[in-house]
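**Q** From first to last, the protein sequence lines are chains A and B.
The working numbering puts the first residue of the first sequence at 77, with every later residue one more than the last.
The working numbering puts the first residue of the second sequence at 40, with every later residue one more than the last.
Please note that a few of the clues may not be correct.
To be verified - With a straight-line Cα cutoff of 20 angstroms, these simulated SDA-like cross-link-like pairs (lysine to any residue) come out:
| # | chain 1 | residue 1 | chain 2 | residue 2 |
| --- | --- | --- | --- | --- |
| 1 | A | K117 | B | K40 |
| 2 | B | K81 | A | S85 |
| 3 | B | K81 | B | A48 |
| 4 | B | K81 | A | Y134 |
| 5 | A | K140 | A | T93 |
| 6 | B | K40 | A | M121 |
| 7 | A | K117 | A | R187 |
Keep in mind the hints are simulated off the structure, nothing from the lab.
Chain by chain, the residues run as shown.
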Amino acid sequence: GAVVSQHPSWVICKSGTSVKIECRSLDFQATTMFWYRQFPKQSLMLMATSNEGSKATYEQGVEKDKFLINHASLTLSTLTVTSAHPEDSSFYICSARGTISYEQYFGPGTRLTVT
Amino acid sequence: KQEVTQIPAALSVPEGENLVLNCSFTDSAIYNLQWFRQDPGKGLTSLLLIQSSQREQTSGRLNASLDKSSGRSTLYIAASQPGDSATYLCAVIRTSYDKVIFGPGTSLSVIP
Numbered sequence: 077g078a079v080v081s082q083h084p085s086w087v088i089c090k091s092g093t094s095v096k097i098e099c100r101s102l103d104f105q106a107t108t109m110f111w112y113r114q115f116p117k118q119s120l121m122l123m124a125t126s127n128e129g130s131k132a133t134y135e136q137g138v139e140k141d142k143f144l145i146n147h148a149s150l151t152l153s154t155l156t157v158t159s160a161h162p163e164d165s166s167f168y169i170c171s172a173r174g175t176i177s178y179e180q181y182f183g184p185g186t187r188l189t190v191t
Numbered sequence: 040k041q042e043v044t045q046i047p048a049a050l051s052v053p054e055g056e057n058l059v060l061n062c063s064f065t066d067s068a069i070y071n072l073q074w075f076r077q078d079p080g081k082g083l084t085s086l087l088l089i090q091s092s093q094r095e096q097t098s099g100r101l102n103a104s105l106d107k108s109s110g111r112s113t114l115y116i117a118a119s120q121p122g123d124s125a126t127y128l129c130a131v132i133r134t135s136y137d138k139v140i141f142g143p144g145t146s147l148s149v150i151p
C-alpha cells in the first residue's frame, strides 16, 4: 500500500512552453501533497505545500506564478511549469501525506528537460 | 531553522566492509527521522523511519540509530555489497504536519 505515482516520468519541452506534472496517491487519500525539486548532485528542496481544496503555500524564492499547483482532489495534485526555461530543467518529486499515519510517501520523480 | 548535514559527502569502500553514515540536525524537536536511498536519476526509496521516541530501527543489513538530544543519527550498513552503491539521504520532520527537510546526502560507492 501507500503508493504514489507521477506522470510523466520524463519530459522534454521547448523553452517558452508549459508542462504539467501529475502526482497521484493510488491507494490512499492525501489531504496534503508536497512538491520538491532536485538539481544535479544536490539534495531535494521543497518548493510548495498543497492542501486539497486550498491554495498552495510556496517556499521563499519559488515563483508561484511560474509553478502553478492545483490540488483538486484527495488523490491528485498537479504542478504546471509555465513558460519553461532551460534553468527549470530539474528532477521534480512529489510526496503525499496520508490522513491516518501522517507518514509521507514519495513519488518516483519526473525528469524535466527544457531545450 | 532546522538544518540537516551529512558526513561524509562521498565514501568509497571495498565490498564486504561495514560502514557508518552520519547525519546531524540542529533542532532536536523532531517528529521522526528517515533514511532514504536514491539511485542515479531515480526517485527515493525509504529505508528506515525512526520515530522521535525510538532509539533505533533495523532492517536486514541496515541499522539506524537516533540520538535526539545530540541531534545525530547514524546509518550502519553491514557487509556492504556493490548493489548498495547509491546516494543516501537523511531527512527529518518537525511535526506530523510539517515538511520534510533533507540533508545533502552521502554518495556511497562499494567496489567489487
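**Q** Are the hints correct? Go through all of them and say.
**A** Comparing the hints with the structure gives:
1. This hinted pair does not check out: K117 (chain A) and K40 (chain B) have alpha carbons roughly 23 angstroms apart, beyond 20 angstroms.
2. A distance of roughly 10 angstroms separates the Cα atoms of K81 (chain B) and S85 (chain A); the hinted pair therefore holds under the 20 angstroms criterion.
3. Under the criterion of a C-alpha separation no larger than 20 angstroms, the hint pairing K81 (chain B) with A48 (chain B) is consistent with the structure, at around 19 angstroms.
4. For the proposed pair K81 (chain B) and Y134 (chain A), the alpha carbon gap of about 25 angstroms is over 20 angstroms, so the pair is violated.
5. Of the pairs offered as hints, the one joining K140 (chain A) and T93 (chain A) holds, with about 17 angstroms between alpha carbons and a cut-off of 20 angstroms not exceeded.
6. Of the supplied pair hints, the one linking K40 (chain B) and M121 (chain A) holds, its CA atoms being roughly 14 angstroms apart against a limit of 20 angstroms.
7. For the given pair, K117 (chain A) sits about 14 angstroms from R187 (chain A) by alpha-carbon distance, which is consistent with the 20 angstroms threshold.
Consistency note: the structure conflicts with the earlier hints numbered 1, 4.
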